[in-house]
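Protein chains: 2
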Amino acid sequence: MKLLSSPASPFGRKVRMTIAIKGLSDRVEAVAVDTGKGDPALNAANPLGRIPALILENGDTIHDSHVICEYLDTLGSGPILIPRSGPERWRTLTLGSLGDGLIEQALLQVYEGRYRPENMRVDSWVARLQAKIDRSLDYLEGAPPAWHDHPDYGHLTVAAALGYMDFRHAGRWRTGHPGLVAWLDRFSAAVPAFNATTPGA
Amino acid sequence: MKLLSSPASPFGRKVRMTIAIKGLSDRVEAVAVDTGKGDPALNAANPLGRIPALILENGDTIHDSHVICEYLDTLGSGPILIPRSGPERWRTLTLGSLGDGLIEQALLQVYEGRYRPENMRVDSWVARLQAKIDRSLDYLEGAPPAWHDHPDYGHLTVAAALGYMDFRHAGRWRTGHPGLVAWLDRFSAAVPAFNATTPGA
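For the protein sequence lines, the chains are V and R, in the order given. Throughout the first sequence, residue numbering follows the working numbering, covering 6 to 206 in sequence. Throughout the second sequence, residue numbering follows the working numbering, covering 6 to 206 in sequence.
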């Protein structure tokens with residue numbers, strides 16, 4: 006299989022942690038693509054031009070990161086990352102949705118700088134995104150999501166979101182959220198692939 | 006259960022079609038929320054302040070629309086909307102991801118008008134989003150996704166995306182995509198809930 010992604014992508018980082026945890030490193034070849042310029046191979050695999058995209062042996066493509074992680078979870082060994090049924094499944098996937106939402110707001114804030122001239126940036130839009138981020142961080146700070154034996158897909162997604170905000174937002178999320186800072190420390194101790202996939206490392 | 010959504014939301018429309026197809030209308034109460042102004046009940050259910058959000062009898066919340074649709078698919082009667090395993094599952098979910106991606110680009114184009122003064126809108130950003138939409142439409146036009154007995158979750162998501170572009174983009178997607186126009190006609194004949202959930206109808 007081929008994973009089209011970029012070292013800086015938080016969605017790609019979720020998938021790379023999943024590959025490591027599930028013991029699939031030998032079966033997935035990483036292919037770096039530049040979504041800023043656009044990449045013909047990526048656009049052929051996913052017409053949205055979005056990463057990550059997983060190309061299977063038979064040529065089929067799977068996206069987005071949620072679907073890829075679920076697919077890989079059925080393939081590899083190691084702990085189950087998405088419970089197969091019951092309330093735990095919906096709790097895990099809803100936490101994943103919260104982490105993905107955090108990433109999406111944080112990305113749009115980065116895009117505000119990347120794709121607009123400086124005098125065309127709108128503070129009220131960035132503040133609107135930040136309000137969503139702040140509410141979500143406060144919610145997580147109030148009840149940092151615990152795990153039993155091993156972090157699951159929901160935890161991976163939240164960690165990828167916080168890691169992205171360390172990378173692109175200078176770690177400003179850490180202020181006022183000591184419980185979540187401690188949570189990320191516990192997570193990185195439990196999932197060595199987190200530090201191994203730090204952007205720029 | 007309570008579904009927090011808005012009549013105009015394409016993600017909410019996916020869920021409302023799912024509720025109808027799965028025979029769950031009597032078990033889900035629709036609650037209209039205004040995400041533009043912000044809604045305290047919504048923010049309490051989903052700190053991202055995003056719709057749709059499904060509040061269960063026990064007070065737990067499930068989001069996003071993908072997760073809600075999968076949850077409802079395990080509850081109701083009627084056709085299976087997300088195959089439980091195998092290649093069909095990944096094909097359905099990847100088509101759903103394509104439809105969600107179309108919706109997300111189309112929404113960002115609408116937000117460009119809604120959340121920015123007219124002189125702060127950036128044409129190159131809107132064009133970047135449109136290129137993703139156009140590639141995806143051309144891909145779907147080249148191979149409109151067929152169904153066996155009944156449309157599945159992937160088809161519902163693409164239909165919600167096209168319906169949103171009818172509603173907010175004056176149906177411009179129809180030009181140059183006659184195969185997809187015919188596809189949406191077949192879909193709306195197979196899924197009466199599609200026309201029943203037309204925004205503004």
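Accuracy of the hints is not assured; some may be wrong.
To give an idea of the interface, some chain R residues facing chain V are shown, with a C-beta separation under 8 Å as derived from the structure [stated by the list, open to error]:
#, residue
1, Leu29
2, Ser30
3, Arg32
4, His68
5, Tyr76
6, Leu80
7, Ser102
8, Leu103
9, Gly106
10, Tyr120
11, Trp130
12, Gln135
13, Arg173
I should point out that these hints are in silico values taken from the structure, not numbers from a laboratory. Quick reminder that beta carbons are idealized off the backbone N, C-alpha and C, glycines included.
Each hint tested on the structure:
{"no.": "1", "hint": "Leu29", "verdict": "violated, 15 Å"}
{"no.": "2", "hint": "Ser30", "verdict": "violated, 21 Å"}
{"no.": "3", "hint": "Arg32", "verdict": "violated, 16 Å"}
{"no.": "4", "hint": "His68", "verdict": "holds, 5 Å"}
{"no.": "5", "hint": "Tyr76", "verdict": "holds, 6 Å"}
{"no.": "6", "hint": "Leu80", "verdict": "violated, 11 Å"}
{"no.": "7", "hint": "Ser102", "verdict": "holds, 4 Å"}
{"no.": "8", "hint": "Leu103", "verdict": "holds, 7 Å"}
{"no.": "9", "hint": "Gly106", "verdict": "holds, 4 Å"}
{"no.": "10", "hint": "Tyr120", "verdict": "holds, 5 Å"}
{"no.": "11", "hint": "Trp130", "verdict": "holds, 5 Å"}
{"no.": "12", "hint": "Gln135", "verdict": "violated, 12 Å"}
{"no.": "13", "hint": "Arg173", "verdict": "violated, 18 Å"}
Violated hints, in rising order: 1, 2, 3, 6, 12 and 13; the structure is consistent with all others.
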